[in-house]
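Novice: Okay, here's what each chain looks like letter by letter:
There are 2 protein chains.
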Amino acid sequence: MNLFYTTPDLVTPKLLRLTDQEAKHATRVLRIRTGDQIFVTDGNGKLFNCSVSEIHKNDVTCEILDVTLEERKSPYITLVIGLIKKRDRLEFAVEKCVELGADEIIVFRGDHSEKGNVRLDRVESTVLSAMKQSLRLFLPKVSFAKDLSAAIDARGKSMSLIYADETIDKGETQHLLGDQLMLVVGPEGGFSESERSILKERGGVAYSLGEKRLRTETAAVTITDRYKNGLLL
Amino acid sequence: MNLFYTTPDLVTPKLLRLTDQEAKHATRVLRIRTGDQIFVTDGNGKLFNCSVSEIHKNDVTCEILDVTLEERKSPYITLVIGLIKKRDRLEFAVEKCVELGADEIIVFRGDHSEKGNVRLDRVESTVLSAMKQSLRLFLPKVSFAKDLSAAIDARGKSMSLIYADETIDKGETQHLLGDQLMLVVGPEGGFSESERSILKERGGVAYSLGEKRLRTETAAVTITDRYKNGLLL
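Residue numbers (UniProt numbering), protein chains in the order written: chain A, 1 to 233; chain B, 1 to 233.
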């Protein structure tokens, strides 16, 4: 099964359109034809079962046969991940976290991040592919924060703050439960002392992922899986 | 902290040697000098605290200052993963599973594996790097099996068989506990009917990783983390 994506503004009660990359992918790579039945999501919880009615170069029109609405699974997870220089590692982390259910992703420049910029367009395209690949119906929002404070201050009041900390013992770890969780993972090299103070001042709780040293992307994937999927020890 | 690796045959009661790639890496990349204190593991649970005594081109001799012995953490996990064509995805899966504690890795050619060969030397080198990076002291064994039967028949009698199955409901999932677990993850495209029969005939138990579709490498990483680190629902 292939899942396509369209923005909510291209959906009317009876018809929806795929445009740009999605239309190209549908017609040139997957070679859909008029009359084919396809699944489309608006990235906002709706799954449309459609019949393709018109195909133009960059525009595909579909008749909506039926719609199902999925509720977002609780807890809402905002993953905050330190910028890592190797682009494939960052994109891999993001891809896996979306597959596992992250609802929002913020990449921040940590004090220990190596120089280098994030290509936000590439991260967004990774997020979109991962959503479709894993048949998820909510498109995670992606943003960049210039530092850790900017990332965590953007959260709502009811969002709990949890950070992966390799310096604490597993026995000391605490679990914050809640409907909205912000999970923070530092870059390679971990948090600076100043970042650690910020996390504590903002009420952050340290979570140990185990006694061994994990790479940033591994920490991001396991903390997302554990919190989103209710696997806490 | 950097961790180096040497094979048990290069260790005597008072001295040990680093050779080949490890010696080159130590001298040329990390630029160790005579008198430096370094940590070395034999990949078999021993951690040597050493002082570098002699440096030659491809051979470094170290004096052993003290040794600590770590016990292997139970359960012993053999990860059996279907060959995936994209080499970086396979190597990524292997790297993450080693970081998370997999004890042994078998790559098998699944009925749905796309054509392509596995470069076992590259997988081994990924395993070695991941062990050192995560400061683990047990070097996972890596092997290739021509098909699923060959992979699972190699296991010992007391090893339980668990396979990631996306076709069952989470409610139906069972947990097999034990000291020795073989965790099987299919290639992209999943298991064939014949492979499914083999898994059932051999007493395999299906485990659901959730209701969404996960890529092979994501399934491998999460099932390893969940079973090795005791995170079962």
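Treat each hint with caution, since some may be false.
[Claimed, not checked] Quick list of the computed label-pair ranges, beta carbon to beta carbon:
(1) B:E193 with A:S129: 54 to 60 Å
(2) A:K157 with B:K157: 39 to 45 Å
(3) A:L120 with B:M1: 55 to 61 Å
(4) B:D121 with A:S129: 29 to 35 Å
(5) A:P13 with B:N117: 39 to 45 Å
(6) B:L177 with A:F144: 39 to 45 Å
(7) A:D179 with B:K14: 25 to 31 Å
(8) A:L232 with B:L177: 47 to 53 Å
[What the hints assert, rightly or not] Covered by chain A, according to a simulated footprint, are these stretches of chain B (three or more residues, beta-carbon under 8 Å):
(9) 5-19
(10) 99-105
(11) 214-225
[Claimed, not checked] Residues from chain A that keep clear of chain B, each with C-beta distances beyond 10 Å, as calculated:
(12) H25
(13) F92
(14) S134
To be clear, the hints were calculated from the coordinates, so they are not data collected in a lab.
Every residue, glycine too, gets a C-beta built ideally from N, C-alpha and C.
Novice: Decide, hint by hint, whether the structure agrees.
Specialist: Checked hints:
In this structure the supplied range 54 to 60 Å is violated for E193 of chain B paired with S129 of chain A, their Cβ-Cβ distance being about 29 Å. Checked against the hint of 39 to 45 Å, the pair K157 of chain A and K157 of chain B fails, with Cβ atoms roughly 56 Å apart. Distance hint check: the CB atoms of L120 of chain A and M1 of chain B are about 34 Å apart, inconsistent with the given range 55 to 61 Å. Here the CB-CB span from D121 of chain B to S129 of chain A is close to 30 Å, well matched to the stated 29 to 35 Å.
Checked against the hint of 39 to 45 Å, the C-beta distance between P13 of chain A and N117 of chain B comes to roughly 52 Å, which is inconsistent with it. Remark: the range hint 39 to 45 Å for L177 of chain B to F144 of chain A is upheld by a beta-carbon distance near 43 Å. Here the CB-CB span from D179 of chain A to K14 of chain B is close to 59 Å, at odds with the stated 25 to 31 Å. A hinted range of 47 to 53 Å for the beta carbons of L232 of chain A and L177 of chain B is inconsistent with their spacing of about 18 Å.
Look at the segment 5-19 of chain B against chain A: 0 of its residues bring a Cβ nearer than 8 Å to a Cβ of that chain, fewer than three, so the hint is violated. Taking a C-beta to C-beta cut-off of 8 Å, the segment 99-105 of chain B contributes 3 residues in contact with chain A, enough for the three needed, and the coverage statement holds. As drawn, the segment 214-225 of chain B meets chain A at 7 residues by the rule of a beta-carbon pair under 8 Å; at three or more, the given contact holds. Consistency note on H25 of chain A: stated as away from chain B, and its beta-carbon is indeed over 10 Å from all of that chain's, at 18 Å minimum.
Consistency note on F92 of chain A: stated as away from chain B, yet its beta-carbon is not over 10 Å from all of that chain's, at 6 Å minimum. The claim that S134 of chain A lies off the interface is violated: its Cβ sits roughly 5 Å from the closest Cβ of chain B, which falls inside the 10 Å cut-off.
This entry does not satisfy hints 1, 2, 3, 5, 7, 8, 9, 13 and 14, going by the numbered hints stated previously.
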